[in-house]
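Here's the letter readout for the chains.
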Amino acid sequence: MKNAGLLVMPAGFFLVVAAISLFDGIAMRSIFVLCGLAVEGMGLFLAVRGHMAMRGEH
Amino acid sequence: MDPYAALPLPQSAFVLALSLVLVSPLALAGVALMNAGLGRSRSAAQSMLGTLALIAVAVIVFALIGAMFAYGDTGYTFTVAGRPWNWIGAGSFALRGFSAETVQTQLGTLFQFIAVAFVVLIAWGSGADRLRVAAGLAAAAILAALIFPMLSYWAWGTGWLTQLGLNFSLGEGFLDPGAATVHVLGGLSALAIVWIAGPRRGKFPKEGLSTAMPGHNAVYVLFGGLLALVGFLAWNMAGALMWADLPPTELVVTAVNTLLEAACALAATFAVTRIRFGKPDASLCANGWMAGLVTSTACAAVASPLEALLAGLVAGLITPLLVELLELFLSIDDPSGAITVHGVCGLWGLFAAGLFASQQGQVLAQLVGIAALLGVIFPLVYFLFWAVNLVLPFRVDPDGERIGMDLHELGGSAYPEFVVHRDDSYR
Chain L
1 MKNAGLLVMP AGFFLVVAAI SLFDGIAMRS IFVLCGLAVE GMGLFLAVRG
51 HMAMRGEH
Chain S
1 MDPYAALPLP QSAFVLALSL VLVSPLALAG VALMNAGLGR SRSAAQSMLG
51 TLALIAVAVI VFALIGAMFA YGDTGYTFTV AGRPWNWIGA GSFALRGFSA
101 ETVQTQLGTL FQFIAVAFVV LIAWGSGADR LRVAAGLAAA AILAALIFPM
151 LSYWAWGTGW LTQLGLNFSL GEGFLDPGAA TVHVLGGLSA LAIVWIAGPR
201 RGKFPKEGLS TAMPGHNAVY VLFGGLLALV GFLAWNMAGA LMWADLPPTE
251 LVVTAVNTLL EAACALAATF AVTRIRFGKP DASLCANGWM AGLVTSTACA
301 AVASPLEALL AGLVAGLITP LLVELLELFL SIDDPSGAIT VHGVCGLWGL
351 FAAGLFASQQ GQVLAQLVGI AALLGVIFPL VYFLFWAVNL VLPFRVDPDG
401 ERIGMDLHEL GGSAYPEFVV HRDDSYR
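Those protein sequence lines, which keep their order, are chains L and S.
For the first sequence, the residue numbers in this note's numbering are 1 to 58.
For the second sequence, the residue numbers in this note's numbering are 1 to 427.
Certain hints may be false.
Calculated cross-link-like contacts (lysine to aspartate or glutamate; reagent style DMTMM-like; alpha-carbon spacing at most 25 Å) [what the hints assert, rightly or not]:
| hint | chain 1 | residue 1 | chain 2 | residue 2 |
| --- | --- | --- | --- | --- |
| 1 | L | 2 | S | 397 |
| 2 | L | 2 | S | 324 |
| 3 | S | 206 | S | 101 |
| 4 | S | 206 | S | 417 |
| 5 | S | 279 | S | 307 |
| 6 | L | 2 | S | 207 |
| 7 | S | 206 | S | 401 |
| 8 | S | 206 | S | 397 |
Between beta-carbon pairs, the in silico distance windows are [claimed, not checked]:
| hint | chain 1 | residue 1 | chain 2 | residue 2 | range |
| --- | --- | --- | --- | --- | --- |
| 9 | L | 3 | S | 402 | 26 to 32 Å |
| 10 | S | 12 | L | 26 | 52 to 58 Å |
| 11 | L | 14 | S | 402 | 43 to 49 Å |
| 12 | L | 4 | S | 29 | 39 to 45 Å |
| 13 | S | 219 | L | 24 | 55 to 61 Å |
| 14 | L | 24 | S | 29 | 43 to 49 Å |
| 15 | S | 399 | L | 14 | 29 to 35 Å |
Since the hints were derived computationally from the structure, they do not count as laboratory data.
Since the model is a prediction, treat every value here as computed from it, not as a measurement.
Think of the CB as a built atom: it goes at the ideal place given N, C-alpha and C, for glycine as much as any other residue.
Just chain S, with the same shape it has in the complex (with noise of 0.2 Å):
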């Protein structure tokens, strides 16, 4: 039998979206660098072990029961005003029969697999410096089990989301290659922990300014952008042939576009730090590159490349100023920028993608999937998290905050060659 027979896709088509998402863990290689480099020297080991940590763990966790509520053929529904809300998927526990499925439906898994591993990845660069892996790894069990299956469900299986054009003839429906489930969860999920652990010890002194903590190694966090872009090429081309419906001979203008919102993003983050600071500040701009490729994996799908370039724009204008606006106005410290990079600018993403989609309608599809992530996800990962909290500190003790995450949870320095000095920002 032909194992490819139940494919819509033709067999080069199917190698294509194997192959693309076979190269997309590069951007989860590429927002690690990032992470340990935008936190201390002193919790650098912390933060790439507990990244490998995170991601083994969502991925079993996953398997054994995300799997079962992120997909199947037949899922939870409930009718509203004659209407039906499919809400929740009622696979098999275990990945159990997982082999008999079709080839498509083993691709949409292991790709649910990376962006699993990829959602757990951004809440963790926001915890630098002061949480806990133990804790790190529970958070990532929860979005594992529960929210990531529920919402790529919503988004991707035949939830109530995607059939939004089918039952309320709004677009076709939700569109989302990848950024509300991953990107704008990783985000939001980012929030919640820096809600809960609270900014890094004098952050926000009672009185003043807040403290500048830079990241300490500007170079991980530039090749870090370097190797994402890489991976997110891949990715968002992969998110648009399985999740877009895109035909392979359009899969070059995605790529083309995915490139142009990261360049317009640098380009205009670079400026923006240039005319504030007066020189152009290195993360700021590497947060500003990550921006665009975040606002890509949502609109490059269906925008014509000056509307990358238009999207691309705004998601650099809006990352330094609203990295400022949270660590100066709003006390959040949130060293890696995951709420704005990938939170704020995968709600505009997911905005613009609705404003450049021709069907109509399709800008309020997008509104009600913002809606349900801001209404539903938000307040569901927050609560969550909170009664983890409560048995499971996120946050770790002031003394291992002092010594560093990589002494008090690992019993040994990143760099153990070098001299660390004195942080004069330790207050």
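In isolation and in its complexed conformation, chain L is listed as follows (with noise of 0.2 Å):
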């Protein structure tokens, strides 16, 4: 679940990129761009979900 969660923080970076690149308006950019920083923020919170599950094992 860990590296899931780290496989889809990329894809909202990829969405930034995006909306900077085919949007011009500063309105429809910067929705985008926070749409990216939350998919971006669902991977890490995964990423901490799987690294939660592994608790106890050291």
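With the hints as a guide, bring both chains together as one complex.
Following this line, the structure appears as structure tokens:
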């Protein structure tokens, strides 16, 4: 689950890249950049959950 | 021929920048002391020797390989939607032709040598008490050879982040006087190391609360914070001169902001820990102080004194709460607090710099930079470290962890004349 979460994070970055490449307006860019950051946040959350699931292994 | 002819800065500004860069390693000394003090007494010598060894490896690898990717007038570029994306530099191998470069380029490279040493030092602190020196050296080599140079090219060179203003009309491009390339990268690397090496043995039992493992020397920790102040003052002013293009006449404001952010962050952490625990916590207060300094690296050059106070206040408030959250609820064992102090507070500083800057679109430029750090740099660091861990295990064996890293890795203790009592927190 941790690795899956970390693989989701670049997807958020590509959303950010698409936002600034495809849109010119500040509003659309802002919305899509925030969406990209939200996707990265979800990936990080998943990775953290994966780490917590391994509690007590060491 | 006048060697300063190619400089846009006057000669006095160059001399000032060089002097500041030469003082800035005091920040590393402060962080090294904090790392050692926040670890256990039976790992103190390994912590300090590891610090020197990691810095040595990082500097050598950066000179041989990393500088090639961090610099170069012509980088590797691809085009997306008709716009160029410069993603990595194409300089010379092993600093060939370095002495013929302009003095400004040489100064920038010197700054990067200190920066890469800082990055590996931050990450090293989080692996205290279980990260082997050999694995730390491998991690440092990876950071110095590829990750740091790439990010440095993006944020300080002519990479795509600095070109966001030119190519995408986002303010003046990603503004980073040293927070992203040093502190956030160090903090994210620390998280990768902590995840891969795992927590210290007995830290998180299968049932019940996590075990408290306090640092062994609060004086080291607090004096480290004081020493770091001198280094950060120099570091921030040098970064403002070199990467934020501030004129020397505005540097005093940067220095005042640095001091204000550290002071306000410490006051906030002091208050929070006093309210939470009934008494102020020395190690958390030192972390709060450091969090203010890290935040100042990102935004002291663009903020007003009032804004600096606000940035420091936020950093000081989130530091103790986040340290507690990571440890108690997220099972992340970070002895030095680097993930919170350098990673999260660095990100907050970068965002605050966008808020405080006057250019339109600067907030968006900062958010794009933050997205690159979280979406590209962090997964890349984690998977590279994960691959290294397969051939060179990060974590020491259980016996080594039991007797301490000093005896296991160095064969001698940091405090041979002291009787070391059984650690009550060890289960």
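Verification of the supplied hints:
1. L:2 x S:397: Holds. Residue 2 of chain L to residue 397 of chain S sits at ~23 Å (cutoff 25 Å).
2. L:2 x S:324: Roughly 21 Å between the alpha carbons, so the hint for residue 2 of chain L and residue 324 of chain S holds.
3. S:206 x S:101: It is violated: about 58 Å lies between the C-alpha atoms, which goes past 25 Å.
4. S:206 x S:417: violated (36 Å)
5. S:279 x S:307: Answer violated: residue 279 of chain S to residue 307 of chain S is near 29 Å, above 25 Å.
6. L:2 x S:207: holds (22 Å)
7. S:206 x S:401: holds (19 Å)
8. S:206 x S:397: This hinted pair holds, its Cα atoms lying about 20 Å apart.
9. L:3 x S:402: 26 to 32 Å: Given a distance of about 30 Å, which is inside 26 to 32 Å, the answer is holds.
10. S:12 x L:26: 52 to 58 Å: violated (40 Å)
11. L:14 x S:402: 43 to 49 Å: holds (46 Å)
12. L:4 x S:29: 39 to 45 Å: The hinted range 39 to 45 Å holds for residue 4 of chain L and residue 29 of chain S, with Cβ atoms some 40 Å apart.
13. S:219 x L:24: 55 to 61 Å: At 56 Å between Cβs, range holds.
14. L:24 x S:29: 43 to 49 Å: Check passed, 48 Å falls within 43 to 49 Å.
15. S:399 x L:14: 29 to 35 Å: At roughly 45 Å between Cβ atoms, residue 14 of chain L and residue 399 of chain S fall outside 29 to 35 Å, so the hint is violated.
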